[in-house]
Amino acid sequence: MEPATLLPLGVSFDAFASLGFWLGVGVIAGTFTIFALGLQLNVGFTGIFNFGQAGFMAIGAYSMAILVTEEGVNFWLSLPIAIAITMVFGLIVGLPSLRLRTDYLAIATLAASEAIRLTTLNARELTNGSQGIFGFDTEFDDLSESIESLLISVGWSDPETLFPLFMIVWIVALLLTFGLWRLQKTPWGRVLRALREDEDAARALGKNAFAYKLQSLVMASALGAIAGFFLALNLKFVVPDEFLPNFTFIGFAILILGGLANYWGVAVGAIIFQTIFEGLRFLELPITEVQVSALRYILLGLVLIGLMAFRPQGLFGKREEMVLGE
Amino acid sequence: MSSAAALAHGSGASSIAPIFQAEGVVKKFGGINAVNEATMQVADGSITALIGPNGAGKTTFFNVITGFYRADGGTATFEGRRVLGRPPYLIARMGMVRTFQITKALARMSVLDNMLLAAPHQPGESLSGVLLRPGASRRREREVASKAEELLEVFNLTKLTDQYAGTLSGGQRKLLELSRALMAEPRFLLLDEPMAGINPTLGRRLLDHMQRLRSEDGVTFLFIEHDMEVVMNHSDRVVVMAQGTVIADGEPHEIRSDQKVIDAYLGGGSPDDGAESSSAATPRSHGEGGRVTERPR
Ligand SMILES: Nc1ncnc2c1ncn2[C@@H]1O[C@H](COP(=O)(O)OP(=O)(O)OP(=O)(O)O)[C@@H](O)[C@H]1O
Ligand SMILES: [Mg+2]
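Taken in order, these protein sequences are the chains called W and F. In terms of the working numbering, the first sequence has 158 at position 162, counting the first letter as 1, and numbering is strictly consecutive. If you count the second sequence from 1, you need to add 25 to reach the working numbering.
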């Protein structure tokens, strides 16, 4: 028949031509962007190794879901409250651990993240355990529908249902990227970079290193919470399994792809990552579904290794900085 | 005897009030007292040298009085205010600024950013200032930028203004760190071997600049130095440390002829490599003996 089917492996490019595919990729990539902006702030610009970002995302998503479904709080009102709750958690994690050496901090934040996930799994009265929580997004659906009817009124006859979420996640992601990029250029951002370079030098010049690191971590936790909202809205439920440390590791992969210490690279890294990750699903291979998902991680690893070898600064990082950092 | 006289002279006869005083400062590492009951004063507006053999505890003493190490005993005051127990950033903000023996250039920041960072009173360094007082932040930034340019000019770093500090040579880093410390508007500057690795011409310029800062702005200096020519010709007072404690304190000519200092440090004639290694060996064997005799007491 067609030549493609004669080959043992082939790619059906049909999927790449569909808007639905790109919207699906786009929503997740936007979520990852917001998530990894927090990591960029911590790792790329402050030099603190936050391996607990998935935990902060869980606090944000669960707080929102519980506030809406259990406490009857309005969805929109639940968002700032959930962000505040997550920031308090950021503070609680940071206060004892930010005085530790960076490698200990990485372990402490990872442990905190797992503790949070295991709590969501086991505190069943509050979180419904592995069943998860549904039905927190009716107010968002209303907004989504009014955006759809708006789109119809301007001439898009049959808008994709995912389009409003896609639009909102990217507006938020780009605004946050812009805000952080601006903030990095202020004297405040300069102090963060000084801490990344040499904490003792900054302290000797009168900078309260601990206070700045705490601010950095708490801001990152807020970004984690916002990413958590979009994750929940996309899935339409929250379950503990979504908040495995894998999510944080993917965030780090995105940082490396886009380049350390570059906020705009985060979005590009997230889009590339998610395109490859989803695109691999359409590789026609004589293997099972499970093997395909394992293969996705293997290929991702290979891409990262290749990047380390040929472009260690990532797509948008600065080579000079990479060399000087050693 | 002569060193006791020098000590008496140092604390008693000095007519200028001390800007800094340390008494019985102790710092232990395991069983070793790296700083062992060190007592000294620094006269306001003086250029005081801190000398002593390798391992005498000079750098450790700096680390203790600037808050980087927690003291195991003693007191220290700057302008009458307690410093031990305060965190380094507060001590720096009091006006007591130090440099490091092993330079700490902020490698992936430009030379200019290294300088601007050090300037105090920048409202844009707090998030509230960034949001509420962007104008004041920009104004302060312009103010300190011109001061930074002047200082970079003094130390021949102008050409490197926009380069990453990590690309600088060892001597250039030393100069950058010194200019950066000056940006912090210190009233008391503690320099740990500022001349090490700097070429003689720039070294002289550095010394001239210290003199000028002292006479124009009233900055007080305490600097650790191994080059005896510099110490003898450019300091008003010399404090000598050995085995963690202060063994002498006086004017340069008094120190030069102090038998205790000669035994512990200057012995062997010229203070170059050979003399240092021999003098470093001598106090260490004394030190071990000292601890053995101390234990029964
Ligand atoms: N962090 C540390 N941990 C353990 N021991 C230390 C530490 N810092 C210094 N010491 C020890 O304390 C003693 C004093 O060291 P210090 O660096 O203060 O000497 P120094 O007078 O500055 O010497 P130099 O002229 O060589 O710079 C040395 O015996 C050193 O080994
Ligand atoms: Mg030293």
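One or more of the hints may lead you astray.
Derived lysine-lysine pairs resembling DSSO-like cross-links, with alpha carbons at most 30 Å apart [stated by the list, open to error]:
#1 F:Lys172 x F:Lys184
#2 W:Lys232 x W:Lys314
#3 W:Lys314 x F:Lys184
#4 F:Lys172 x W:Lys314
#5 F:Lys53 x F:Lys285
#6 W:Lys181 x F:Lys184
#7 F:Lys172 x W:Lys181
No lab work stands behind these hints: they were computed from the structure.
Open item on the list: Name the hints, by number, that the structure is in violation of.
Closed with: Result: hint 2 breaks, nothing else.
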